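A.B. asks: Chains as they are written, first to last, in the UniProt record's numbering: chain A, 1 to 309; chain B, 1 to 429.
One or more of the hints may lead you astray.
Stated by the list, open to error - Here chain B is said to cover these stretches of chain A; the calculated rule only asks that three of the stretch's residues, wherever they fall, bring their Cβ under 8 Å from a Cβ of chain B:
#1 43-52
#2 159-172
#3 251-262
Stated by the list, open to error - Here are some chain A residues the structure puts well away from chain B; computed CB gaps all over 12 Å:
#4 Pro59
#5 Ala90
#6 Val98
#7 Pro128
#8 Leu151
#9 Trp181
#10 Val203
#11 Ala205
#12 Thr213
#13 Ile294
The hints are simulated quantities; they were obtained by calculation from the structure and are not laboratory data.
The structure presented is a predicted model; accordingly, all values stated were derived computationally and were not measured.
Glycine included, C-beta positions come from ideal geometry on N, C-alpha and C.
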Amino acid sequence: MGRPAAATRPGRRRGRFEHWFYLSPALVVLAALLVYPLYQLVLVSLYDYRQAQVSGAQPLRFIGFDNYATLLGDPRFWGVLGNTVVFAAACVVGTLLVGGALAVLATRLRPWVRTVLFLTALGAWATPAVTGSAVWLFLFDPTLGLVNQVLVGVGLEGFAGHSWTYEKWSAFGLVGAEVIWCSFPFVMVTLYAGITSIPEEVVEAARLDGASTLRIAHSIMLPMLRPVLAIVTIQSIIWDFKIFTQIYIMTGGGGISGQNMVLNVYGYQQAFAASQYGLGSAIGVITSLLLLAITLVYLRALRRNGEVL
Amino acid sequence: MRIPRALGLVCATALLASCAPAQSTGNDSTADEMTGTLRVWLFSEVNQEPKEKVVDEAVEEFEAAHEGVTVDVQYIPVDTRAERFRAAFNDPSSAPDVAEFGNTDLAGYVEAGGFADITEDLSAWDEAADFSPELAATTEVDGASYGVPWYVGMRALYYRTDLFSEHDIEVPETLEEVVEAARELREKEPDLLGLSSGGAYTYGFLPFVWAHGGDIATVEGDTHTAAIDSAQSRAGVELYSEVLSEDVCPPQTCSEMGGNDSVQNFVAGRAAMTIGGNFNLNAVEESEVADDYAVIPLPGTEPGSIAPAFAGGNNLGVLAGTERRTLAVEFMKLLGGKDYQLKMYEAMGNLPTFTDVQAEVAQSSPEMEPFIATLEAGTRFVPVTGAWSTIDAQTVLPSMMQQIAGGDATVEEATAEAATRMNDAFSGQ
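Construct the entire structure; sequences and hints are all you get.
C.D. replies: What follows is the structure, encoded as structure tokens:
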């Protein structure tokens with residue numbers, strides 16, 4: 001806008017619409033697949049919308065934010081939200097630690113060992129969540145599971161018939177371990193790629209200047225890895241906050257008396273099992289808003305540090 | 001820039017307020033064609049072949065009697081029935097004309113406008129007079145009939161005769177004695193569950209509540225009020241919570257168990273007693289405990305009484321959107337009639353719903369006697385309201401039992417919370 005008007009006027013007019021033209025295919029797809037469903041989600045959450053309303057047996061009733069008020073006034077919802085935050089945070093930290101440690105390890109391994117490590121990790125990554133959850137349940141079955149049999153075999157008699165899903169945090173721990181198992185490969189592969197893309201010369205120069213390994217890791221490698229770290233962290237937060245399959249399968253839809261319920265399973269239970277689509281949508285909207293907020297805060301924190309994605 | 005943005009916001013809000021979520025426009029069809037394809041949905045079973053054989057026979061008979069009519073039977077899985085039926089109600093063109101459904105789902109389906117009122121068709125049908133009245137009631141919502149009871153599942157007490165005689169324990173005559181016997185058996189046989197009956201086994205523990213004079217809810221007019229926190233209900237819950245304890249059925253193992261798991265333990269020889277259905281007889285007969293078991297009606301609080309059982313079963317109904325109403329009703333009456341109920345019993349062991357057919361069955365097969373005695377002693381049912389599907393999906397009653405078993409809540413606290421949640425559902429929240 002500060003540029004000379006005469007030189008830019010024709011170009012500017014064309015440019016004003018041209019970029020929209022180029023963007024339009026992507027925008028159409030986004031609108032159809034993202035904006036419209038989100039719009040419907042918000043819309044449904046403002047209505048008393050149950051099975052009777054869907055099939056037309058009862059009239060629709062616009063109730064504004066009543067669904068949200070019901071949710072926010074329900075201690076059960078806050079319990080579920082608390083569960084979700086703690087569980088997701090633990091999974092994110094666990095995934096990053098395991099993935100990061102193995103990525104560093106991978107840079108120091110002989111090529112064939114590294115290949116084996118990657119293939120195994122990719123196997124875990126490629127396993128569908130449903131299959132992975134079921135297999136883990138078999139492994140940890142109270143009476144027939146391999147884990148309990150091995151534990152009893154090495155002399156820990158207390159594990160005979162021990163149920164891993166009975167206690168709340170034991171159940172969360174088991175599910176969390178499965179979640180980390182199937183999501184660390186992504187972190188590992190991405191970070192490994194990040195580490196190997198750091199130019200040798202930079203590290204070598206630092207070493208010549210007398211920097212210790214710890215110092216190199218802290219002052220050279222970490223800052224250069226930060227964009228990659230940001231991506232895997234945000235990805236992990238989003239994945240783990242939205243966790244559904246593992247909880248649904250491994251704790252039988254939310255555990256004993258709903259002790260292992262997380263937001264997504266709770267939303268499903270309300271919306272589809274209990275046919276309260278309005279209330280379920282409100283849970284979905286709240287989940288989306290929370291995720292947006294977390295991601296924005298994280299991105300801002302990054303930008304304040306001088307990093308741009 | 002500011003004004004257009006504000007304008008956009010206003011427009012968006014207006015759009016939001018003016019649009020409404022999709023709603024199907026009524027299901028009721030006025031067409032009544034006498035030829036074409038009649039679509040039927042039945043539930044698929046683990047061992048489906050005998051069922052298919054009987055149904056095929058009915059289809060053949062029906063097609064022979066009605067020229068130009070073909071019957072297309074589809075077997076749908078029980079687990080995903082909710083989605084299937086919802087889709088059918090929302091889009092009548094993909095819906096069947098006749099469907100089998102679980103009787104606890106009916107109130108929700110009727111509320112959704114899914115099934116046709118067939119009260120008049122039934123009053124004109126002579127066989128309908130012989131339906132057991134309590135079972136006929138499970139097809140009714142607000143006094144109108146929405147189907148015929150096709151078969152019913154009754155639960156009774158299975159016990160190991162060898163263990164009872166080995167440890168010299170008397171066969172229990174009251175519910176209290178059932179729990180005592182279970183405790184004694186587990187003391188003598190620490191590897192076995194005294195009574196295998198889980199925290200998620202709603203239809204296993206409701207008889208305890210009913211036997212003590214309690215109930216899930218009371219109804220006045222068309223308002224339901226939770227009664228699970230009444231003194232009588234609490235007495236039943238209290239007694240059942242003694243089952244879910246270390247000395248009968250440890251919560252670690254039993255809290256999560258539903259009906260199937262509870263019976264599986266008995267079938268696998270890991271339990272001295274269980275509450276099982278007539279539909280479990282075959283599995284027990286084929287197991288290693290086949291020679292060492294007996295079945296008696298689950299006793300009530302007084303010697304000689306029988307605890308009221310849950311009248312769970314499946315009905316056949318006609319969809320509201322059918323374009324072949326007369327044919328659909330005819331087929332429903334054929335498959336749900338006396339002849340085919342008896343054939344279904346012979347094929348699948350499903351208990352018939354006609355009192356005279358039941359008597360016939362009791363006479364010819366003594367193993368059905370305890371179940372029919374339970375049925376005759378009087379049965380109970382879940383609240384007939386669409387809210388029950390919500391309460392069921394929110395696992396209100398299993399949660400209540402599991403909290404008590406895990407020591408997270410007292411009987412008073414847990415029943416009071418369950419009552420609140422149920423009342424919320426009843427009031428449409």
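A.B. asks: For the stretch 251-262 of chain A, does the count of residues with a C-beta closer than 8 Å to a C-beta of chain B reach 3?
C.D. replies: Holds, because 6 residues of the stretch 251-262 of chain A bring their Cβ atoms closer than 8 Å to Cβ atoms of chain B.
A.B. asks: When you look at the beta carbon of A:Ala90, is every beta carbon of chain B farther off than 12 Å?
C.D. replies: 22 Å, holds
A.B. asks: Would you assess whether A:Thr213, listed as outside the interface, keeps its beta-carbon beyond 12 Å of every beta-carbon in chain B?
C.D. replies: Consistent with the label, A:Thr213 stays out of reach of chain B, its closest Cβ about 48 Å off (over 12 Å).
A.B. asks: Any Cβ of chain B at or closer than 12 Å to A:Pro59, or is the non-interface label fine?
C.D. replies: Not fine: 9 Å to the nearest Cβ puts A:Pro59 too close to chain B.
A.B. asks: Say whether it holds or is violated: A:Ala205 keeps its Cβ farther than 12 Å from all Cβ of chain B.
C.D. replies: 49 Å, holds
A.B. asks: Mind verifying the non-interface call on A:Ile294? Its CB should be farther than 12 Å from each CB in chain B.
C.D. replies: With a cut-off of 12 Å, A:Ile294 remains clear of chain B, as the shortest Cβ separation is near 25 Å.
A.B. asks: Just want to verify: A:Val203 was marked as not at the interface with chain B; is every Cβ pair farther apart than 12 Å?
C.D. replies: About 48 Å separates A:Val203 from the closest Cβ of chain B, which puts it past 12 Å; holds.
A.B. asks: At 12 Å, judged by beta carbons, does A:Leu151 keep clear of chain B as stated?
C.D. replies: 15 Å, holds
A.B. asks: With d taken as the least Cβ-Cβ distance between A:Pro128 and chain B, does d exceed 12 Å?
C.D. replies: 19 Å, holds
A.B. asks: Could you let me know if the closest chain B CB is still more than 12 Å away from the CB of A:Trp181?
C.D. replies: With a cut-off of 12 Å, A:Trp181 remains clear of chain B, as the shortest Cβ separation is near 23 Å.
A.B. asks: Within the stretch 43-52 of chain A, is the number of residues with a Cβ closer than 8 Å to a Cβ of chain B three or more?
C.D. replies: holds (count 9)
A.B. asks: Does the no-contact call for A:Val98 survive, Cβ to all of chain B over 12 Å?
C.D. replies: 29 Å, holds
In the structure shown, a violation is registered for the earlier hint numbered 4 alone.
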